[in-house]
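Colleague: The primary structure of each chain is shown beneath.
Number of protein chains: 2
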Amino acid sequence: MSDGLNMSRRIRRTPYTDSVEAAGVQGFSVVNHMLLPKAYARTVEEDYWHLREHVQLWDVSCQRQVQITGKDATRLVQWMTPRDISGAKIGDCLYVPIIDQNASLLNDPVLLKLADDQYWLSIADSDVLLYAKGLALGAGLDVGVTEPDVSPLAIQGPKAESLLVGLFGEKIRDIAFFKFGWIEFAGTQQLIARSGYSRQGGFEIYLRGAKLGADLWDTIWQAGKVYNIAPGCPNLIERIEGGLLSYGNEMTSENNPLELGMDKFCTLNKSIDCMGHDALKAIATQGVSKQIRGVLFDGGPCPNCAKPWPVYVNDTQVGQITSAIWSPRIERNVGLSLIDKDYWSVGQSVTVHSSDGKLRTGNVSQLPFT
Amino acid sequence: MSDGLNMSRRIRRTPYTDSVEAAGVQGFSVVNHMLLPKAYARTVEEDYWHLREHVQLWDVSCQRQVQITGKDATRLVQWMTPRDISGAKIGDCLYVPIIDQNASLLNDPVLLKLADDQYWLSIADSDVLLYAKGLALGAGLDVGVTEPDVSPLAIQGPKAESLLVGLFGEKIRDIAFFKFGWIEFAGTQQLIARSGYSRQGGFEIYLRGAKLGADLWDTIWQAGKVYNIAPGCPNLIERIEGGLLSYGNEMTSENNPLELGMDKFCTLNKSIDCMGHDALKAIATQGVSKQIRGVLFDGGPCPNCAKPWPVYVNDTQVGQITSAIWSPRIERNVGLSLIDKDYWSVGQSVTVHSSDGKLRTGNVSQLPFT
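As they're listed, the protein sequences go chains A and B. Position one of the first sequence corresponds to residue 320 (this note's numbering), numbered consecutively onward. Position one of the second sequence corresponds to residue 320 (this note's numbering), numbered consecutively onward.
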């Protein structure tokens, strides 16, 4: 096993880590104080093509759940997000920006409605648990805020549905995109959503009960062999091409949801009791000064984007690339950047200053890349 | 540079990262979404002896500051900690457990009082920023809660004082343990505290202004050459021997401060407006059922403790080692464990089940190890 991180209890293992190590993981990243596999034996490019054709098993336990329960649960969730959740139904998954009183982005989780008084926020990399706890304690809300023993396992790729139908039955097909249902596994009821951090289709099983982790991994692994299953992880090429954003990379608390193109996840034409709603409406009225865009750029395969790369139009910096990689399909580099308003039109010529010292010519693109 | 982590903006670089890379860093850990150097060219053991004799420069920017300002600043800080801060003076550093309403530990930062209405919490690895923000928003407190542009650089080891006196003058000697003063650097006033995550003495400069990072590193580096300065990082041998605890390792939100031996940092004989005070007093009245201890154990140098190792007395599990390493000075392994009440007496014989499959005999020890 890689000891590249000085492994310790502080960087939490997951219910699948033993399985992931047995499958040959070659390193980890850290998200929410927990291990996220980052590579197996194959290259990112090989994984990309495999993900588009077959099916992969991803340990995404680091998508920790913040469970909010009780009489004021809906009120607390709504208070944190500018997306109207009053129409949400049990079984819905909603992508919800989490903001503060200034409409600054604190996270971009998926909200799962389990009951009228029970929600899970499946979070990106910041301690929403502490934010929700603080709000609840400060306002004296009648809620419980906890991190339950729930560890998502993603089954991603075009063959995911067939694999899971074989294991859990035809009802898998009835689960619509961003909805969840239930399966029986080892005598337990487990939540399964049609969702995941790729554009290739697939599901996430929100396993309750860490002790079932190895069994669940093995069960899917065995059934997946006929579908050419492989261990995997969020694929940087596929993610960027698909315009899937990463909290901490494309956005931080210095940004608001409208800059990130989350307009359709912000309810602005109706009064809702969200703490940052007025601030967000004011931003909407004024219009944002920069917005997320794709950037296609040349100069051969770019290095790893470890720190932001300035994007210029002539002598003016108009943005910074926060994620980038060579796309073997498009045969150009694909990157993500907030771009200043005067320069964000699709087709705009830009120059990317990558960390290898090259000045790379490129163009602003729509998202997702096509 | 090590790409062991899939470096990206999400795992933030520090004002010193370029310098640290130039100094030959061999890998990083992640704390508070930020890089923490974990090793240079020498072994942990070589670094340990060096730290005890000379002076080291540590990039501990990951000790992020949560700045709390405004009319209700003292009220908010006191609300989060069971340590009475009413007597704190400007210039004081206080180790303060941060708890919730149940007295569960959420962090164990150092509090710096900069003014009657301005504090910094120099945090361990959890987003206290979001907790404090949530409390303030929920309760409608008149405070600002921000993460300022402050990046601590530690100068640790017995020669740290001489080095800094040479650079900044005799007034460095007047700074008492866990107090801070001010130095002038590059035309700016910078905060310097006699503190640090070692028992070898030393200081931490809380650099305001990231752009000064490389200059500060170089200035200390050059002045340190005559003191045999080396780049370093918190040393696992020295930390464990010194009984310095690590949030996420020895303690999590499943623990309370009294279990971690923080009695002297909890004010129980006076009424204070801390949200978890009643819960903590109830725990104190009942007495804790386990408490932090050292464990000295044999069987030759132990492997890296990546996940907790059970500690047994006969057939009863009485604790789990959460950090451990071979001490070349004591010539036994040193570990940290919460130990159940009936077995926590110093000298108690135990067996440690380390991850290499060995059963290692040992004894409960006081902390720090001597």
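Simulated from the structure, these hints should not be mistaken for lab results. One should not assume that every hint holds.
Because identical chains cannot be distinguished in the list, a pair is counted as satisfied if it fits within a single copy or across any two copies.
To be verified - Cross-link-like lysine to aspartate or glutamate pairs, in silico, DMTMM-like; alpha carbons within 25 Å at most: (1) Lys390 with Asp419; (2) Lys626 with Asp337; (3) Lys408 with Asp461.
All values reported here derive from a predicted model rather than from experimental measurement.
Colleague: Work down the list of hints and note, for each, if the structure agrees.
Modeller: Cross-check of the supplied hints:
Taking the shortest alpha-carbon separations for Lys390 and Asp419, both the intra-copy value of 22 Å and the inter-copy value of 20 Å come in at or below 25 Å. Within a single copy, Lys626 and Asp337 get their C-alpha atoms only as close as 32 Å, which misses the 25 Å cut-off; across copies the closest is 11 Å, which meets it. For a Cα distance limit of 25 Å, the shortest separation of Lys408 from Asp461 inside one copy, 21 Å, qualifies, whereas the shortest one across copies, 37 Å, does not.
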